[in-house]
Amino acid sequence: MSDGVRVLVVASWGDPRRWDEVSYRLSVGGLEHPGLRKVLGEGARELECRSRSSTVSLLCLLSRGGLEVHGVVFGLDTVASASSQNIRDDASKVYADRLEEFVDGSTCCEEIKEELRKKIDVVVTPGVGTYGGLSYRGSPTHIFTQAFMEIYKRLASVDPAFLVVDITHGINYQTTAVLYAAMTSAIVAGKERNLVIFNSEPPSPSAKPQRIGESSQSAQLSTGQPGPQATSQQASNPQSLGILDVTLLSNALRFAMAARDILLFRSKSISELSREASVKGSGRVAEALVSLETFTRLLENAAVALTFPGAVDEKGERLGYSLCSFLESFTIDPCSEIEYPPEKDDARKVVRYPSPETARVLECILYSVLRRLAEDERGKSNGLCVGAAKSDLVEYLGRVAVRLRGAGLKYASLIARREQQKLATFIETFQNCLNEFDKNIEMFDSIAQHLVLRENEVEVDVSLFHAFEELEQKKSKLPCTQILNDIKDRIKDFIKEEVIDENNARNISAHAGLSYTIIEKVVVSRQAGRWTVSKIKYNRDKVQKYLNLLVRI
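The sequence shown begins at 142 in the working numbering and counts up by one.
A couple of the hints might just be wrong.
To be verified - Computed list of lysine to aspartate or glutamate pairs in EDC-like fashion (alpha-carbon distance at most 20 Å, straight line):
| # | residue 1 | residue 2 |
| --- | --- | --- |
| 1 | LYS551 | GLU536 |
| 2 | LYS686 | GLU639 |
| 3 | LYS563 | ASP602 |
| 4 | LYS260 | GLU242 |
| 5 | LYS234 | GLU255 |
| 6 | LYS254 | ASP238 |
| 7 | LYS662 | GLU639 |
| 8 | LYS260 | ASP300 |
| 9 | LYS551 | ASP402 |
| 10 | LYS332 | ASP402 |
| 11 | LYS686 | GLU455 |
| 12 | LYS294 | GLU516 |
| 13 | LYS254 | GLU209 |
| 14 | LYS618 | GLU569 |
| 15 | LYS260 | GLU241 |
| 16 | LYS234 | ASP262 |
| 17 | LYS456 | GLU600 |
| 18 | LYS294 | GLU478 |
| 19 | LYS683 | ASP454 |
| 20 | LYS662 | GLU598 |
| 21 | LYS294 | ASP262 |
| 22 | LYS409 | GLU441 |
| 23 | LYS683 | GLU638 |
| 24 | LYS563 | ASP627 |
| 25 | LYS179 | GLU333 |
| 26 | LYS531 | GLU600 |
| 27 | LYS259 | ASP238 |
| 28 | LYS563 | GLU610 |
As the list claims (entries may be wrong) - Simulated restraints, written as ranges between beta carbons of each label pair:
| # | residue 1 | residue 2 | range |
| --- | --- | --- | --- |
| 29 | SER222 | LEU405 | 47 to 55 Å |
| 30 | ASP517 | LYS409 | 22 to 30 Å |
| 31 | ASN227 | LYS409 | 44 to 52 Å |
| 32 | ARG416 | ARG489 | 39 to 47 Å |
| 33 | ARG425 | GLY528 | 25 to 33 Å |
| 34 | VAL527 | GLN562 | 16 to 24 Å |
| 35 | GLY273 | GLU428 | 41 to 49 Å |
| 36 | PRO379 | ASP486 | 22 to 30 Å |
| 37 | GLU413 | ILE694 | 17 to 25 Å |
| 38 | ASN573 | GLY331 | 42 to 50 Å |
| 39 | GLN590 | GLY331 | 45 to 53 Å |
| 40 | ARG459 | ARG158 | 53 to 61 Å |
Hints are computed from structural coordinates only; laboratory data are not their basis.
We put the CB at the ideal spot given by N, CA and C, even for glycine.
Take these sequences, add in the hints, and give me the full structure.
Below you can see the structure in the form of structure tokens.
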């Protein structure tokens, strides 16, 4: 089996004991996704496989086409024997046995069958409806939440180039739930552009069922929608069937799409999302979204420094607008597996399940999207909560500038980049003059009163910070004694604005949140042999007034 491009194949299976052999065809030239078409080889060639399962056919054909395949099949408890005392184990065995048979009997799997078996997992989910006299009290929501966690976990660990979904075999409600779970997982993992959906042509209803070894029908694997399935009931004794509301699946998908807008720093999407009824059912998610709306609004308006992990108030308490703070509120990873063990009541002939964990799915979606911002992307150093970005404002400004540019907020990115350069110059100049403070403490007494010297840390008053930052670039290279004389005069002329109006709000944004109007102190620390701005102490009341203005503007 190839160790090349990885692909995850997801499928929903109903009752595989009823399936017969057909000849599945996959037209490479007809594939809608250009990336998958290119990997398999350009041209109008057609791959073919005789099998009792389109899923197994896809896995084998893709593997033979040079891809490293991984598969997960979602089954249902309803295939278990009604007399079984262990519904889940019985159902799992049905699927495992049929999967083994299908791999062995497929004509395209001969050379890879042993390796392929190790790459396919079976996950059994709750059943819905009455089978064999048992009433299964599961729901599409049960299937969706369990399937979402399983698919997302594999997308995160396998990191496939393509997510392939086979909806050929599933039962209607099951196929809908698994397909929505796959689409939602793809969005959360950033794989939505490489999602490929397959569904085979239906076999002819008038054709005689074929068994392995007999002449088989031919079915085309395509990315089209499934055709209607014929059903028949005795008119004299119709079944009683509930009409299932599967709107929650759509809500979860919309939640994932809106949560993804956090990556683009769109506060309006977050605001609308926080008002959704499904979100209100999860207090933790609703609370996080309120803070995230502020986080995205600050970045939209270029006030980057206010979202720095080291942004604190006068008392040294965090402002609370940092992405890292939101992630720290998740004490455990909410994206762990979800299972719904069946509980069989023989007396009432009912199989019950625990309540669906919809809130945890929403938490997982939000947590996963935030991690995409917080951690480095592959081959890049742009995570906002890793490495030096957590304690070095210069580094943080640079990383946010990259993210803002990628989100299309180019003006905000330019502001962040400019302030990063100014701050880097401040650090360089300030570091060069630190020794002079000790040597000439009496000479520069008027400066010394504006800073507090500690071991490996200096707390700088905003007036001194302002004076250093206002130095012309050419003067920053002068001997330190000359620089300090210049700064003495600038400190005398420093006037701090006390009113936060629209003009000052624009000024705060224009300086990436490093406006002297709202800053009280700047903390410079020695880290790994070099000096960095590790904290900014803000006036909390003024910051709040600025935020209020942003909401109204």
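TODO: Note whether the CB distance of GLY273 and GLU428 lies within 41 to 49 Å or breaks it.
DONE: Since GLY273 and GLU428 have Cβ atoms about 45 Å apart, the given range 41 to 49 Å holds.
Task: Pair hint LYS686 and GLU639, alpha-carbon separation not exceeding 20 Å - done: holds, 11 Å
Open item on the list: Against the 20 Å threshold, does the CA-CA distance of LYS409 and GLU441 hold or violate the hint?
Closed with: Given that 20 Å is the threshold and the Cα spacing comes to 10 Å, the pair holds.
Open item on the list: Run the distance test for LYS260 versus GLU242: straight-line Cα separation, threshold 20 Å.
Closed with: Distance of about 15 Å is within 20 Å: holds.
Task: Range hint 39 to 47 Å (beta carbons of ARG416 and ARG489) holds or violated - done: Check passed, 41 Å falls within 39 to 47 Å.
Task: Straight-line alpha-carbon gap LYS294 to GLU516, limit 20 Å - done: It holds: about 17 Å lies between the C-alpha atoms, which stays within 20 Å.
Open item on the list: LYS260 and GLU241 were given as a pair; does the straight-line alpha-carbon distance stay at or below 20 Å?
Closed with: Holds - the C-alpha atoms of GLU241 and LYS260 are around 12 Å apart, at most 20 Å.
- [ ] Compare the distance between the alpha carbons of LYS531 and GLU600 with 20 Å, and conclude whether the hinted pair is satisfied.
- [x] Holds, at roughly 18 Å.
Open item on the list: Against the 20 Å threshold, does the CA-CA distance of LYS254 and GLU209 hold or violate the hint?
Closed with: holds, 13 Å
- [ ] Could you grab the alpha-carbon distance between LYS683 and ASP454 and see if it respects the 20 Å cut-off?
- [x] Holds - the C-alpha atoms of ASP454 and LYS683 are around 10 Å apart, at most 20 Å.
Open item on the list: Does GLU455 sit within 20 Å of LYS686, going by the straight-line distance between their CA atoms?
Closed with: Since the Cα atoms of LYS686 and GLU455 sit roughly 16 Å apart, the hinted pair holds (cutoff 20 Å).
Open item on the list: Looking only at beta-carbon atoms, does the pair GLN590, GLY331 fall within the given range of 45 to 53 Å?
Closed with: holds, 52 Å
Taken one by one, the earlier hints all hold for this structure without exception.
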